[in-house]
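Peer 1: Given chain A's structure and the hints, the job is docking chain W onto it.
Read off the chains here:
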Amino acid sequence: MSYEDMKKQLQDEMKKWKEGPLAKTLARAPERREEFTTSSEYVVNPVYTPLDIDEEKYMEELGLPGQYPYTRGVYPTMYRGRFWTMRQYAGMADAAESNKRYRYLLDQGQTGLSVAFDLPTQIGYDSDHSLSNGEVGKVGVAIDTLADMELLFDSIPLDKVSTSMTINAPAAVLLAMYIAVAEKQGVGVDKISGTIQNDVLKEYIARGTYIYPPEQSMRLITDIFEYCSQNIPKWNTISISGYHIREAGSTAAQEVAFTLADAIAYVEAAIESGLEIDQFASRLSFFFNSHLNFIEEVAKFRAARRLWAKIVKERFHAKKENSMRLRFHTQTGGSTLTAQQPDNNIVRVTMQALAAVLGGTQSLHTNSKDEALALPTEESVRIALRTQQIIAHESGVADTADPLAGSYYVEALTDQIEAEAMEYIEKIDELGGAVKAIELGYIQQEIADSAYKYQMGVESGENIVVGVNKFQVEEESPRNLLRIDDIVETRQVERLNKVKENRDNEAVKKALDNLRSAAEGTENLMPFILEAVKAYATLGEISDVMRDVFGEYKPAEIL
Amino acid sequence: MSERKVRILVAKPGLDGHDRGAKVVARALRDAGMEVIYTGLRQTPEQIVRAAIQEDVQFIGLSCLSGAHNHLFPKVTSLLEESGADDIIVFGGGVIPSDDIPFLKEKGIKEIFGPGTGTDKIINFINSLCDE
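As given, the protein sequences belong to chains A and W, one line each in that order. Add 283 to a position in the first sequence, counting from 1, and you land on the number used in the working numbering. Add 2 to a position in the second sequence, counting from 1, and you land on the number used in the working numbering.
These are calculated hints, taken from the structure and not from any lab test. It is possible that some hints are incorrect.
Said to hold, decoys possible - Calculated lysine to any residue pairs in the SDA-like style (CA-CA distance at most 25 angstroms, straight line):
no. : chain 1 : residue 1 : chain 2 : residue 2
1   : A       : K781      : A       : D827
2   : W       : K112      : A       : E758
3   : W       : K109      : W       : L81
4   : W       : K107      : A       : S760
5   : A       : K792      : A       : E380
6   : W       : K123      : W       : S85
7   : W       : K109      : A       : L414
8   : W       : K112      : A       : R762
9   : A       : K596      : A       : D787
10  : W       : K109      : A       : N416
11  : A       : K793      : A       : T773
12  : W       : K123      : A       : Q755
13  : W       : K112      : A       : L764
14  : A       : K290      : A       : Y692
15  : W       : K123      : A       : G617
16  : W       : K107      : A       : L414
17  : W       : K107      : A       : L764
18  : W       : K123      : A       : K290
19  : W       : K112      : A       : P761
20  : W       : K123      : A       : G716
21  : A       : K837      : W       : G42
22  : A       : K793      : A       : Q755
23  : W       : K112      : A       : E742
24  : A       : K817      : A       : E380
25  : W       : K107      : A       : D831
26  : A       : K837      : A       : G716
27  : W       : K109      : A       : R762
28  : W       : K109      : A       : G679
Here chain A stands alone, though its shape is the one from the complex:
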């Protein structure tokens, strides 16, 4: 029988099935819901068949692993070659404390570092700034000067580990500090590898650690692209992030859409600044969330990969295959963790991690069970890391590329997410691109609407959260939460003062003056920032020079 005949026969069968067995069963026992939907509000059919996909487009839409459009994975061998990088996001208190946690994680078999900075560091304030009061060392490690950074990576050879740093508005400064530490360790900068998040657009959209207005932020970002392409070839210059967009309440399709819309804006800015697409596109990396609707999440990763490949090839006319490969980090969904019955979070994280692996992630952070309450303890971080190791070594899912491909449901959802994301991107293009859409509040509004709708669904009982609005128990408040003592702030400020006393303040002033004139002009700022960092200028001092020249971003408030 030909494929077409089979499809025709299936169509007839399907009709009979719907009118016969399905209708009869429904008459006797209605389904649990009137309508089943995914997070993206796609109506889920009772069953998926070859009628839901177009298998004739196999080569065009799926292909093979490592081949355009990379739906089946970005590398030919995928996890048969090597597993994803197990990379737990960590950092708290001060550099000495965080250094201890990193060395613990490396001892436990973690394969890459991921640095969490405290909020003052992320917003370019020193620990002694009035706005830093109460926030020092709370959500990550406090870094004021190169001296902190030297301590943070003490006894960690930077040519042996790759380091991801969640830093955006001040990304250039922290990258400069990392380069300086590598030089002090005697490691050539061409040997260091890692990622800076450097994605300011999603800070305006969802995460909030912006400093400068969009235009000046885009300049800093493209300066980094250019500097790295010439000096640090193994560095991922940006991690374009849907993670926080999803945490803010978007659907799966919106996560893909807004992330890729931001990516388009970065590519356009870089091209406008004179770079060639193939000169920087291979160093763009992505960061997605893994949420709870298992199949939809697997489909989402595949859809993102395929759509980005098409955009880079068709819209930006890239020639190099590496430019078209969407490589991404995944973190399990923080907002899906519950404070109630926190042990249940281990199960949630397991499913989300599995979806990320089945979706072909390049690196993964698994959340710890206690993160709805506080920073994780060492014990709960170990369970989270073990979860990845069990998936890698025991489950068998890593033994073949893209194992869920060909599932009618997975393929249908992949197509649907890609199509909806493309529609959003077209809409954003009409508005004038991602920067404009953010300034208009369009993207923020779409996300806020989705977040509100979800919460109302939880409150009406339509969305069940186990342990929260169903299956509740009386429970004692959890003990043994990690606490950051206020003494951390006092000590950090003392440390900062000491550095300021012992440095060559003439050299600092000169470096900051040079940075100022460069910022007023059009030169690449990276060398100037590096010079300032090496003179032990503080993060706050460097950021203030740029605040003076660039101004600060004032958001429009969207409810």
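Peer 2: Positioned in the frame of chain A, the structure of chain W alone reads:
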């Protein structure tokens, strides 16, 4: 109080950028018929108190997920007191360990709503205080 619409300031003190909860609560309160003013991110306690007095609100809802709540929330209540505006009722939410709640209540925060709280619970809390 029933003649006048309830006025509430929803505020994000400190440097925390997680505003999903604050926005959802603000919108739910608005849908429940209250007048809601949202401050946006990165507000100092001073700015929050000034806005609350200017806007003549009866309630301030504070949201903080960065762990700085023990520092920021009591600053708001003590500034209200200094300004003679301590009739404004302050409540809060966010990632707040239950061990911290007695301390915050002692400092004049009327109620703390942790992760997983339904907006109906917050609306009931406000309504019950308005009825008093």
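Peer 1: State the violated hints by number, sorted upward, taking the hints as numbered earlier in the document.
Peer 2: 5, 6, 9, 11, 18, 20, 22, 25 and 28
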